[in-house]
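Here is how the chains run, residue by residue.
Number of protein chains: 4
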Amino acid sequence: MGFLLMSLLQAQLDRSCQSIQHEIGVGKVADYIPALAQVPSDKFAAAIITVTGETASFGAAKEALSIQSISKLFTLASTLNLRGTKLWDRVGREPSGNAFNSIVQLEMECGIPRNPFINAGALVVTDAMLGDQQSTQDCTSDLLSFVRDLAQDNSIVIDEDVARSERDAAFRNASLCYFMKNFKNLERPVDDVLDVYCQQCAISMNCKQLARSALFLANNGIDPLTHKKIVSEERARRLNAMMMLCGHYDASGDFAFRVGLPGKSGVGGGIVVVVPDVAAVAVWSPRLNANGNSHAGTAALEALVRETQWNVL
Amino acid sequence: MGFLLMSLLQAQLDRSCQSIQHEIGVGKVADYIPALAQVPSDKFAAAIITVTGETASFGAAKEALSIQSISKLFTLASTLNLRGTKLWDRVGREPSGNAFNSIVQLEMECGIPRNPFINAGALVVTDAMLGDQQSTQDCTSDLLSFVRDLAQDNSIVIDEDVARSERDAAFRNASLCYFMKNFKNLERPVDDVLDVYCQQCAISMNCKQLARSALFLANNGIDPLTHKKIVSEERARRLNAMMMLCGHYDASGDFAFRVGLPGKSGVGGGIVVVVPDVAAVAVWSPRLNANGNSHAGTAALEALVRETQWNVL
Amino acid sequence: MGFLLMSLLQAQLDRSCQSIQHEIGVGKVADYIPALAQVPSDKFAAAIITVTGETASFGAAKEALSIQSISKLFTLASTLNLRGTKLWDRVGREPSGNAFNSIVQLEMECGIPRNPFINAGALVVTDAMLGDQQSTQDCTSDLLSFVRDLAQDNSIVIDEDVARSERDAAFRNASLCYFMKNFKNLERPVDDVLDVYCQQCAISMNCKQLARSALFLANNGIDPLTHKKIVSEERARRLNAMMMLCGHYDASGDFAFRVGLPGKSGVGGGIVVVVPDVAAVAVWSPRLNANGNSHAGTAALEALVRETQWNVL
Amino acid sequence: MGFLLMSLLQAQLDRSCQSIQHEIGVGKVADYIPALAQVPSDKFAAAIITVTGETASFGAAKEALSIQSISKLFTLASTLNLRGTKLWDRVGREPSGNAFNSIVQLEMECGIPRNPFINAGALVVTDAMLGDQQSTQDCTSDLLSFVRDLAQDNSIVIDEDVARSERDAAFRNASLCYFMKNFKNLERPVDDVLDVYCQQCAISMNCKQLARSALFLANNGIDPLTHKKIVSEERARRLNAMMMLCGHYDASGDFAFRVGLPGKSGVGGGIVVVVPDVAAVAVWSPRLNANGNSHAGTAALEALVRETQWNVL
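Chains as they are written, first to last, in the working numbering: chain A, -14 to 298; chain B, -14 to 298; chain C, -14 to 298; chain D, -14 to 298.
All clues stand as given, with none of them false.
You can't tell identical chains apart in this list, so a pair holds if it fits in one copy or across any two.
Straight-line Cα separation of at most 30 Å, BS3-like style, residue types lysine-lysine; simulated pairs:
(1) Lys213 with Lys47
(2) Lys169 with Lys13
(3) Lys13 with Lys28
(4) Lys47 with Lys28
(5) Lys71 with Lys13
Hint data in this document are derived by calculation from the structure and do not stem from the laboratory. Being a predicted model, the structure only gives us computed values, none of them experimental.
Sequences and hints are given; from them, build the entire structure.
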């Protein structure tokens, strides 16, 4: 691992992040979950880890954020491992073109959500992850272990305040669940699915952990540092394609243009992106743009790919 | 009360019902609730009561049926009495043009259902009927008393088997409830609303009781036999207008043409209609047409209005 | 024909109209067609004709208004006479629950409009009226003759300025036409259909003529004064049912409650209503409510049915 | 230019194409345009050109196909050059999640199409390309020149039979046009827009020409062989992002997974893809899968990226 390379990487990250510091005050913190609304809105962090192990970070990269919808990436990876490709009978793989929580398309398409990154799809994935036997506690615990393994860090926890806060306000997600249950596309009781879903959204990770946890996707499914196979090469491609097309709600097209990399964002202000064959990157800044993605985070990634030419498009 | 008039009325009803007996085998019994699917499909009944007290009946007119959506008429009348016209801030009064259980329109119109006779609207009415203090048991009990008073018959009961069967399968209605709760258009917990809703749908009445219970709507809101004011004249007009435009799911236009009277149907195969200033009529036959209305029941009403010229259109 | 009865009728109409004169300034004149926007907004008129020939009028009852969507009633009656009930294969008979010019439902239902009183449905009716041979001029001329016969008045004309103004702005209707043509539910070239449609909307009639032209619908399809059969009794019921359920755009439910009679309104501010077995009534006042119906006109009809108890609901 | 490299490239292409020859008979030729339905369904071709000028081809690579929707890529590039980024006020840049010719979303979003690759969006682009002064002939001629320049081949022509055939059946596109005109999002007469649109779709190119014409997109907007700047680097990224997210109708997600490259398909059975920094590839086989993309063509591209590891995801 080259010291010079790491210096270069850190310098590139520094330049990128410094160039967009004025963007940190722009946008609005998610306030539909009380626990999220309390996070200081001027936080900013970024972290990179390359497939050869070089790292760089900027700002509050060791401070935990609520990963929220980024968890959809982890539950999808884990559930595909657990249940196989028959999952795709229950959820599609195409962009939705509707708001992340829309129920209209779900009625037209008879309870089969468009993709695993809109809420309805993620709820189906969680239901499949639960399967027909496991307790919600065991399921959550297994998922947390999966994420800790990915990040190689056992200190990762679930923020129970956030989980509870989210669970108490989960009316729309409950509506989506019952709607799918009506179409027989939900096996477990709705309460079980929502319990696990709200726990997974409340996983608390810092940018270093987030970047590390996505590194296997930059290396064809194999963790390049531990050499452990996380998912098959084909599955890694699938996850990257899904992130590229649907990873940023109704602004995925804009993200593909500006950043040109597969990524997944969450309303906690975090974004994780994959640079195939090169690295994984995580950014965090709580203020969101109109589409629910971190405003300064997206700007930082845009600056970084201009510095590094890491964009694939 | 004229004996001759009653003979004439009975003769008209007999002729009408006999002329459509071949229709009884047409259509399909509702099977989404197991308890409903067990009702013998060849049942047929009809009952008339006039504002001057003459009665006529045909077939199994003393045999109880599950009133199902006909209950929406009673809960609406009762809730308007209890909560007043501010109910209309929470539910519209126009035809929906969509299936009775569609959620699409609800998303476009931000959680305000189109009218109280589609499921979403009826659930809001039930929530308003419950109010913020009453227990679900007291609410159900009060509604049952209201219906018994209307029918002047204390033997009317709730079929607990049907209620339970319906409650266990209430996924779509749960979805509608949570969706509206997300838009702050449901005050009580969803489980409370569904408990009461499934109880009200499971009220068990025979055609004689059903016709009697709607008689006040043929007399400007006043029970013509007890002289008790049930609702104001204006409210009676409102209920009749609602039945005329929205009383038969997505076949209200067809019913208005064929029968030309305000009415409300239920998937149990019952239909109650109001002949303004003249009478109330109830029919029952479990097999339903494609729109969920009793096939033979509609045919019998059509024949009856041709006999009696009771149609208002 | 009783002089006393006519005095009574005139007195009732006078009282009704005088009681709502303060409503004349409320609402907004339709301005999407320049020629309509020029009509003085404070006009008010009403006219009644009974099945026994008594008449009464108020205000500018001899002044012509642009009948606009009221024409949909005449084209429907005429086309059913010309083409028979196979018209119903091409257009439904149920309320739409969407704006009068919505295209969404049309896509979901594969080019079959919900009813003949929404624009898409009226355009299909016009196409059927045209048939496969007639010239647009002959078709328009035949329709005008039909309306003149109904009104027993050969002075009725088409306002060519309004027709042209409407034709030039008919983009949305053209879109609906091409959409249906794509589903093979339009036989003639779109331009032909739009030409006739814009002519029919531009028929110019006063309230006396309008009321007279709808009188056959109050008498089971037979003109009670000439004894000429205009449509069959069944067809008269169909037309009345259609008006009751769909005659006032997305405010048909409200109209059914307030007025309780079958009617058809137009954006020119005219409304014609049918009192079965009794009379036909026309009102006119250009300012419209939010749903596109004459504000003062509706108020006048509401007052009139309270005076006369003519409401059927 | 290395002879060995070209041999390798040709060998890779040969292996890829040979491995999927059994797929050529699968799927259905587009038949909504008579002229397209006449193309022999067992055609197959592929062509590659690299940024350093190496070429390889397979099958009928010199036989012309109707490019159909692939033309949307060329008109978008040309129109952005002509009219600048204010085009984005009139058309979005996000996946649509609906069928390519749906009008539902257009109503909900008030006449602003989701992206330039669905029909509504492409029609807006064509309207903008026309601008307010140019004749349709000049516009079509300029576009053809633009494409000939891209392909460095003046023999490319428009198939007038296909254009006429398509123009005669353009009812749905006419509906989309008038709908947008109603929302003031179409400046020119609908007939002008449809004339040019049907001409552009009927451009006839072979796979070699197609691959050559997209080469600038593999080289940051600059033709790597002529060194001519076609579009800015930013615009090239935009076009690639658009192809990646929306290039294959409602199967873009599937294509991103299987092929992992930006591409655009047409119902003529052609697909062109961009391998950033490396090459452009075109394939052709007329039989389409359920989503309207060439079945064997997609399979060939999938095989090729497995051979070459050219996928970016």
